[in-house]
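> Listed here are the chains, written in short residue letters.
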Amino acid sequence: MATTFAEAAETVEHAARIEHVSKSFATPGGQQLVLDDISLDVAPGEFVTLLGASGCGKSTLLNLVAGLDRPSAGSIATDGRPALMFQEHALFPWLTAGKNIELALRLRGVAKNERRERAERLLELVRLQGSYGKRVHELSGGMRQRVAMARALAQDSQLLLMDEPFAALDAITRDLLHDELTRIWAETGVSVLFVTHNVREAVRLAQRVVLLSSRPGRVAREWRVDIPQPRRIEDAPVAELSLEITEVLRGEIRRHGQH
Amino acid sequence: MASTETKTVTDAGSVEAGLDALEVAAAGRTPFRQTFTAKILPPVIATVVVLIVWQALISFKIVDDPTKLPSPADVGGEFKRAWVEGTLLGYIWTSVSRGLLGFLFALAIGTPLGLLVARVKFVRAAIGPVLSGLQSLPSVAWVPPAVIWLGLDNSMMYAVILLGAVPSIANGLVSGIDQVPPLFLRAGRTMGATGVRGAWHIVLPAALPGYLAGLKQGWAFSWRSLMAAEIIASSPDLGIGLGALLENGRNASSMSMVFEAIFLILFVGIAIDLLIFSPLERWVLRSRGLLVKS
Chain U
1 MATTFAEAAE
11 TVEHAARIEH
21 VSKSFATPGG
31 QQLVLDDISL
41 DVAPGEFVTL
51 LGASGCGKST
61 LLNLVAGLDR
71 PSAGSIATDG
81 RPALMFQEHA
91 LFPWLTAGKN
101 IELALRLRGV
111 AKNERRERAE
121 RLLELVRLQG
131 SYGKRVHELS
141 GGMRQRVAMA
151 RALAQDSQLL
161 LMDEPFAALD
171 AITRDLLHDE
181 LTRIWAETGV
191 SVLFVTHNVR
201 EAVRLAQRVV
211 LLSSRPGRVA
221 REWRVDIPQP
231 RRIEDAPVAE
241 LSLEITEVLR
251 GEIRRHGQH
Chain Y
1 MASTETKTVT
11 DAGSVEAGLD
21 ALEVAAAGRT
31 PFRQTFTAKI
41 LPPVIATVVV
51 LIVWQALISF
61 KIVDDPTKLP
71 SPADVGGEFK
81 RAWVEGTLLG
91 YIWTSVSRGL
101 LGFLFALAIG
111 TPLGLLVARV
121 KFVRAAIGPV
131 LSGLQSLPSV
141 AWVPPAVIWL
151 GLDNSMMYAV
161 ILLGAVPSIA
171 NGLVSGIDQV
181 PPLFLRAGRT
191 MGATGVRGAW
201 HIVLPAALPG
211 YLAGLKQGWA
221 FSWRSLMAAE
231 IIASSPDLGI
241 GLGALLENGR
251 NASSMSMVFE
261 AIFLILFVGI
271 AIDLLIFSPL
281 ERWVLRSRGL
291 LVKS
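Heads up: the protein sequence lines correspond to chains U and Y, in order.
Heads up: the first sequence runs through residues 1 to 259, numbered per our numbering.
Heads up: the second sequence runs through residues 1 to 294, numbered per our numbering.
Take these hints with a grain of salt, some might be off.
Stated by the list, open to error - To be clear about the criterion: a stretch of chain U counts as covered by chain Y if any three or more of its residues have a C-beta under 8 Å from a C-beta of chain Y, and this derived list gives those stretches:
(1) 31-40
(2) 206-214
(3) 241-253
As the list claims (entries may be wrong) - Residues from chain Y that keep clear of chain U, each with C-beta distances beyond 10 Å, as calculated:
(4) Glu16
(5) Leu19
(6) Pro31
(7) Ala82
(8) Leu183
(9) Arg186
(10) Arg197
(11) Ile202
(12) Leu208
(13) Val284
(14) Ser287
(15) Arg288
Bear in mind the hints are in silico, worked out from the structure with no lab data behind them.
These figures come from a predicted structure and were not determined experimentally.
Yeah, the Cβ is synthetic: ideal placement off N, Cα and C, and Gly gets one too.
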């Protein structure tokens, strides 16, 4: 009934395995079921987006996978402790960009003399070389999210959980960060579980889109996305599939207005 | 869905570099001239105006009683006399050394106490309300019991300072910890910062601004309590601090001596704040981007 972080020695063929997970919260009106019998696997190196309207429990599910909360029923297994990126950058303002990354390295047990060099390399990976000594408030929104990405990668987990990480950014920056994320995902081979309510973003990024229904959250449908990378959000196949998914999504939402 | 049309995927890196440059504003240092006219000149002018009004009250005989209002020159003479006799710095040092030492004790007690109240639910429920209530109790109220318990010596002074400053420092730390954004705690936990490591790497640095505000207030309370104690409990064994100087002036019916003492008390309080606490606070806030230049 709990989230277990599997030992590295064990052979795991899944970056994350979510089995029959349900979650309910106590509310003044009684128990409220937020997630209902969710089963979902993420293969090593796979990019999966979780898509859904408000109230589908996307963020709740991500918290469960991250081990920040326990499922009411079912089990979740991940290969090591997953890294988590939020909609807000969640960088620590008392540390510089580089030191934020070094803190993640330090908490993972990386030796002191290696941290600086590794942090610089991670900053290079997100194209922020030269920003090591910058304070968080000196960076733009897009730069902050890239530092946050570098910090998440510093945890060296097999699984990167992303909770609407680009939702608060302007469209130009978001477009660029889609390109960056795709590149970094290909370069590092990390598995990604990406939560969003933006259909095109889901299709632009993922190999597999999982649509959740709302209240309670259930897996409504899944799509494989075979459009080759690099994609653009404006590409016709992306738009076409987005249209199809949007129709199903709207159908799911419509059900809630009927009673 | 394999139709790949004309891909115009440009080099994202160069676009990004341009965007980064556009969005990061260049920050420069404020020139001294600007600092001077904005920060230094106004208080200087205000002081000069007060002095002019004061002198006018005397010159135009609006207040014509030196036992009520001495002239600026008389008060200046008092300062000069104390300086020439070599007692001025002694008065200041007696009080400042007491105040700072007492404050350091208060720091050593208030900090762990604040941590305990913030982190242990039972302790918070038990003494949290009392601790905030104590802040509104004028610390001069502690002088009579302190004199009875400890007698007329330095330990009584320190007791009064502690009772005045510890609640402020502890409460500052408690509110600092309470205001740590939950997002930081969650981010820390996903990185493996839990328990003591979470407290050290996340909670304490995040609570620093609130803690510093508590220290600042704690110093103000230390100083006020000490002055109250020095005025009420004077004894030859205690040496002459600024509070005792004020009391001596009253006994000698020397209004210029009373004014001298009041000015010194005010001056020391402001100086410690300007020299120690304000720079510390500014540095912490600025490094976090919390200090907005107006």
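> According to the definition I'm using, a residue is off the interface if its beta carbon is farther than 10 Å from all beta carbons of the partner; does Leu19/Y meet that for chain U?
violated, 6 Å
> If I take the minimum Cβ distance from Val284/Y to any residue of chain U, is it greater than 10 Å?
violated, 8 Å
> Find the nearest Cβ of chain U to the Cβ of Pro31/Y and say whether that gap is larger than 10 Å.
Check passes; 21 Å lies beyond 10 Å.
> Taking the shortest Cβ-to-Cβ distance between Glu16/Y and chain U, state whether it exceeds 10 Å.
Check fails; 5 Å does not lie beyond 10 Å.
> Examine each Cβ of chain U, and state whether all of them lie more than 10 Å from the Cβ of Ala82/Y.
Consistent with the label, Ala82/Y stays out of reach of chain U, its closest Cβ about 45 Å off (over 10 Å).
> Examine each Cβ of chain U, and state whether all of them lie more than 10 Å from the Cβ of Arg288/Y.
violated, 4 Å
> Once the closest CB in chain U is found, is it more than 10 Å from Leu208/Y?
violated, 7 Å
> Examine the stretch 241-253 of chain U for residues whose CB is less than 8 Å from any CB of chain Y, and state whether their number is three or more.
Violated, because only 1 residues of the stretch 241-253 of chain U bring their Cβ atoms closer than 8 Å to Cβ atoms of chain Y.
> Find the nearest Cβ of chain U to the Cβ of Leu183/Y and say whether that gap is larger than 10 Å.
Leu183/Y not clear of chain U: closest Cβ-Cβ about 5 Å, inside 10 Å.
> Taking 10 Å as the cut and beta carbons as the points, is Ser287/Y off the interface with chain U?
violated, 6 Å
> Would Arg197/Y pass as off the interface with chain U, using Cβ distances and a cut of 10 Å?
violated, 7 Å
> Please confirm whether Arg186/Y is truly not at the interface, meaning its C-beta sits more than 10 Å away from all C-beta atoms of chain U.
It is violated; Arg186/Y is separated from chain U by about 6 Å at its closest Cβ, not greater than 10 Å.
This entry does not satisfy hints 1, 2, 3, 4, 5, 8, 9, 10, 11, 12, 13, 14, 15, going by the numbered hints stated previously.
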